[in-house]
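Using the sequences provided together with the hints, build the complete structure.
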Amino acid sequence: MPTVSVKRDLLFHALGRTYTDEEFDELCFEFGLELDEITSEKDIISREQGDTKAEGASDVILYKIDVPANRYDLLCLEGLVRGLQVFKMEAPRYRRVSPASSEPQRLVITKETTAVRPHAVAAVLRNITFTQERYDSFIELQEKLHQNVCRKRTLVAIGTHDLDTISGPFTYTAKPPGDIRFKPLNQAKEYTAQELMSLYKTDSHLRHYLHIIEDEAVYPVIYDSNGIVLSMPPIINGDHSKISLNTKNVFIECTATDLTKAKIVLDMMVTMFCEYFCFLLWENILEPTGQYVHSDYPHSICNPQPFFGISESTEHIAQLLTKMCLRSEVMSDGEQIEVEIPPTRSDVIHACDIMEDAAMAYGFNNIPRTTPRTYTIANQLPLNKLSELLRQDLAAAGFTEALTFALCSQEDIADKLLKNISETRACRISNPKTAEFQVARTTLLSGLLKTVAANRKMPLPLRLFEISDVVLKDESKDVGARNNRRLCAVYYNKSPGFEVIHGLMDRVMQLLEIKPGQGNGYHIQAADDSTFFPGRCAEIFACGKSIGRLGVLHPDVINRFELTMPCSALDIDIEHFL
Amino acid sequence: MSPAQETLLRRVEKVDGGLDSQDVATSLGVDHQAIVGAVKSLLALGDVISAEQRSSKHWELTGEGCEIAEQGSHEARVVSSIPEEGMPQSQLMKLAFGKVGFSKAMSNKWIRLDKGHEGGPRIFKTVEHLEDLVRDKLLLVQKGQASQLEEKEKNELKKRKLLSEVTVKSYWITKGSCFSTTITKQETELTPEMIASGSWKEKKFKPYNFEALGVAPDCGHLHPLMKVRTQFRQIFLEMGFTEMPTNNFIESSFWNFDSLFQPQQHPARDQHDTFFLSDPAQAHEFPQDYLERVRKVHSEGGFGSQGYKYDWKIEEAQKNILRTHTTAVSARMLYKLAQQEKFTPVKYFSIDRVFRNETLDATHLAEFHQIEGVVADYGLTLGDLMGILHQFFNKLGEGSTSQGWGQFHSFNSLPGNVIQFKFEVGL
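These protein sequence lines map, in sequence, to chains G and B.
If you read the first sequence in UniProt numbering, its first letter stands for residue 1, the second for the next number, and so on.
If you read the second sequence in UniProt numbering, its first letter stands for residue 1, the second for the next number, and so on.
Keep in mind the hints are simulated off the structure, nothing from the lab.
Just so it is clear, CB atoms sit at the ideal spot from N, CA and C, and this is done for glycine as well.
It is possible that some hints are incorrect.
Heads up, simulated DSS-like pairs for lysine-lysine below, C-alpha to C-alpha not over 25 Å straight-line [what the hints assert, rightly or not]: (1) B/319 to G/152; (2) B/125 to B/57; (3) B/169 to B/154; (4) B/227 to G/450; (5) B/154 to B/99; (6) B/313 to G/152; (7) B/125 to B/115; (8) B/309 to G/152; (9) B/336 to G/385; (10) B/319 to G/477; (11) B/143 to B/14; (12) G/111 to B/169; (13) B/227 to G/385; (14) G/477 to B/313; (15) B/40 to B/104; (16) G/201 to G/175; (17) B/154 to G/433; (18) G/385 to B/395; (19) G/473 to B/152; (20) G/477 to B/143.
To give an idea of the chain B side of the interface with chain G (calculated C-beta under 8 Å), a few residues [unchecked claim]: (21) 202; (22) 276; (23) 345; (24) 353; (25) 380; (26) 388; (27) 390; (28) 394; (29) 397.
Take a look at the structure:
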C-alpha cells in the first residue's frame, strides 16, 4: 500500500475541522485507509540519522496514511481531503470548458513516436494560484503517480509546463539523440540528448530512468511552435517552460506506452488541482489517427440490493453512493441505480466496485451479520489428515517438530549432502534476492540439519522431525513440478543412535498398520547412498515399493553442516500411505 | 555422629547461654574448621542447634613479624652484630638484615656512621643496651595481648608489614528448639523394605523442599506455528469448510494472477515481489476456452466489467512462479466447480505456504502461511461474509469484535447471480 505523508494542520484546515488522533484514526478506518504513523520531519531524521542531525528540522506534525494501491485519487493532500469530505460535501463534477477567447490548444503527434513511445495526452489548467504548499503538493503528486501507476515512468511520464512561456500548437515527435539540443531544467547551458545521458548517469534521481530510452534510435521530444523544447520524456523537462510560484496557466502532457494509463494519469493531475482554479479548462488532444475528445463520464447501472443483505431503500443507497463521489440516481423502475463515474475513480471498472463503495459509505460494521443458509459437510484433505495424525504421534515418541524453509541454496540439497545437483530434479528460481533462495528444496534433511546446527548448545540428544512438502520436477503436471509430502527425522547425539531412528520408523509403520515382513509388509535392506555412512544405510520397502531411506549420516555431511556429533536420519515419502 | 559433633553438643548442653566456636576449637585443641564442619552438619539435621555467624577481627604476626619476634628486630640485630671496634659499612650491608636495620638504627641513634674513616665508612655502636621496642610489641601480640597496644602503634607495625589484621569468622552456638545430645539420622525416602517391614513408622523423614521445581519430563514437542495451524484447521472444519488440495508450491502466472483478474503490468507481478522459476520456466497446459475468456476480460472487458484495456499476452501467463497466495488454488477449485453439471454450494478453505520475494526483516519472511476461505452459493451477501468472519474469530476465542473493511475481488467465471467472496488473513 502506498503511503501519503500530509501535514496534519493543513489537512484539518482543508477539512474544515480538527480531529483528535483517535478520531482521525477511526475516520480513516471507516473510509478504508490506515493511519500508519504520526510523526514529524524531526522525528524521521532523528530516527534515521541521530538526534544531532535532527536539530533544526521541522517539528510540524505529519500524518502518514496508507491508501489502497488502486486509489490514485488519494495520493495527495487534495485528493485525500476530497475523499474524506465524503460525509459532508456534494460530489464535485468536473467540466471540460473551452477557452474564453481563443482556439483550443493542440498537440500534434507524429508517426516517429510509434517506434519508442507512441501515445500522448495533454490538458491545460488555467487561472491557477500557486502557494508554496500547493506547488510542493503538485510536484509530489507527479512523483507519486510516477512511482505507482506509471510504473516508474516506464508506462507513463508526466511533464508540466508554464503555458505563458510557450506557444502552441505543440508537436510530440521522436528524433535521433544527436538532433535534440536544449537547456534542461536547472542547468545553465544547452546539451544534446547524448550529453544529457552521460550527464545524468551520476544523478541519484534521474539515472534510474535513463534506461527507458537510452538504447533507442530515436528519443521522444516535445516542441512548441517556436522550436523550444518543452521536454524529453521520460527523462527531463526543459528549463524554459518550468513552473514557478508565479505560474498562472499550466500545460500538462503525458506521454506513454499505455494509452489507458495515460488518460488515467492525466485525469488525476487535472482533477486533483482543479479546486484551486477559478475555471477549469480542459482541452482537446490530437492523435495522428484523428481527433480524440476526452470521454464524458461513463455510466454504470447496477442493482445493489442482493449484494448487501440489508434492507435499505434504493434511494438511500443512491445517496450513499453520491457521498462517495459517485453521483447516483434511482432509475424509473425504482430498482436500479444509474451511477456516474468521475475521472478521479479509474479504479471503478465493474458494478462490484460500486457496491464496495456503497458498503463503505454504509459502514461495514453496520451491516448485520448473518450466516449462509446452506450447510455443507466438511471434508479433510486425506494427505493433511494423515500428516496431522503422524505429527501427534511423532511428538509423543519424544521427537520435536521443526518448521524449515522450503527455499534453500543449491549447496544445501546437493554438495552438502554429497550429491550431485543434476540428480536432484530441483526447481530453480530465476530471481533470488540472496543465495539462500536459489532452489526449492528436494529434501527435508538439509533444513533439519541446519536447525540442529543452530541449536548446538542445547542438551543432547537432539531429536527433530518435520512432515512437510518438498518440490520435485515432474513433466506430467501442467506446471512441470509437483509437491511431495515427506517425513524426515534426525537423531543427534554422542552415539549415532541408528537403533533409535530405526525404532521410530518401526513405530511409524505400526501407526500406519503395516506389519514387518515381505509382500504386504515392510522391510529394510542395505543400500548405498552417498549421503550416508557406508554400511550404515538402508532402503525401506513397504508393500513392495521403495519409500525412503534411513541410516547414519556420512561424516563429511556432518562436517559440511557445521556439526560435530554423529547423527542418524530417516526420510520417507508418506504419500504412499494414502 | 562424629566425635566433634558429640563433644560440641555436650558443651552446648552444659552452658546456659551459648558458645563461641573459636573458643571451643581452642579449648579442644582442634582446628576451627573442624568445629565449623560439625556445626554445619548439626544444622542440617533440623533445629538441634542454632548458630549465628559472627566475625571478629584479630591481629596476627606476619611471617616477617614472627621472625622478628624470635630473633629481634632488624635494627637491634644490627647493633648487636657490630663489635667494639665497629664494622665497615660495606660488610654490614652484606648481612640479611643489614639494609633495613641500618636506616632504622640510625634514626633511633643506636649507631653512628663515620664516613671519613680510613678503609671506608665505618659504623660504631653508640649504645650498649637497647630496648627492642618493636620486638616487645610483637611479642605482646603473639601472646594474644594485642589490646595492650595503642591503635597507632598497631597501625605502624601494620605499615611495616609486621602485623596484619585478620577477620575470623566464628559461630555463636546455642541450643535449638529440638536440642538433644543424641542425634537421630533422618530418612530421605520411603523404600520397599520399609513398606514391607513396616519400619517406616519409627523413622523420621527429612522434610521436602516444596519450593524447588520437579524434574521436567523428557518429551517431544510440536512446533508452535503448526499448533496454531491445527487450531485454525479445526475451526474451519467445524464450520463446514472443506480442505482444498494446496500441495503445489509452483503455480503458473495464469492461475495465480490472470485468472484472478490481476493485470499483467501490475507491480505485484514484478521481479521484486514474486519468485520466478528458471526451471521449469513455463507451464504448458491450460484449459483453452477458459483461457480465452480470461484474455477477453483483461483486454476488452466482459461480464459487466470494462476490463483493463491492454494487450494480454499468453507468454506472461505461462511463466511459472512460486505462488504468492493460495487464492491460485481457490481459482482452480472454482473453475472445477464451474465444470460441474449442476452447481452445488461449497465452502472451501486452505492454510498453506506462500512465497513473496521480499527483503527480509524482523517482521517479514520470504515464506509464510496464508489462511484462505471461499464460499460459493446463490444469494450470498456481504452480511454473510461478516457473519462468517465473526464466527471464526469467536471460535478462536480472541474475544475481539472484528471490525471489517476489506479489498474485495470478484471472480466472474460462474454464471448468474452467484457471488463469491474471499477473505485473506496472513499468518
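The hints, checked one at a time:
no. : hint           : verdict
1   : B/319 to G/152 : holds, 23 Å
2   : B/125 to B/57  : violated, 40 Å
3   : B/169 to B/154 : holds, 21 Å
4   : B/227 to G/450 : holds, 22 Å
5   : B/154 to B/99  : holds, 23 Å
6   : B/313 to G/152 : holds, 21 Å
7   : B/125 to B/115 : holds, 14 Å
8   : B/309 to G/152 : holds, 20 Å
9   : B/336 to G/385 : holds, 23 Å
10  : B/319 to G/477 : holds, 14 Å
11  : B/143 to B/14  : violated, 29 Å
12  : G/111 to B/169 : violated, 105 Å
13  : B/227 to G/385 : holds, 14 Å
14  : G/477 to B/313 : holds, 22 Å
15  : B/40 to B/104  : violated, 49 Å
16  : G/201 to G/175 : holds, 21 Å
17  : B/154 to G/433 : violated, 77 Å
18  : G/385 to B/395 : holds, 21 Å
19  : G/473 to B/152 : violated, 94 Å
20  : G/477 to B/143 : violated, 102 Å
21  : 202            : violated, 42 Å
22  : 276            : holds, 5 Å
23  : 345            : holds, 4 Å
24  : 353            : holds, 6 Å
25  : 380            : holds, 6 Å
26  : 388            : holds, 7 Å
27  : 390            : holds, 5 Å
28  : 394            : violated, 11 Å
29  : 397            : violated, 18 Å
In this structure, the hints that do not hold are numbers 2, 11, 12, 15, 17, 19, 20, 21, 28, 29, in rising order.
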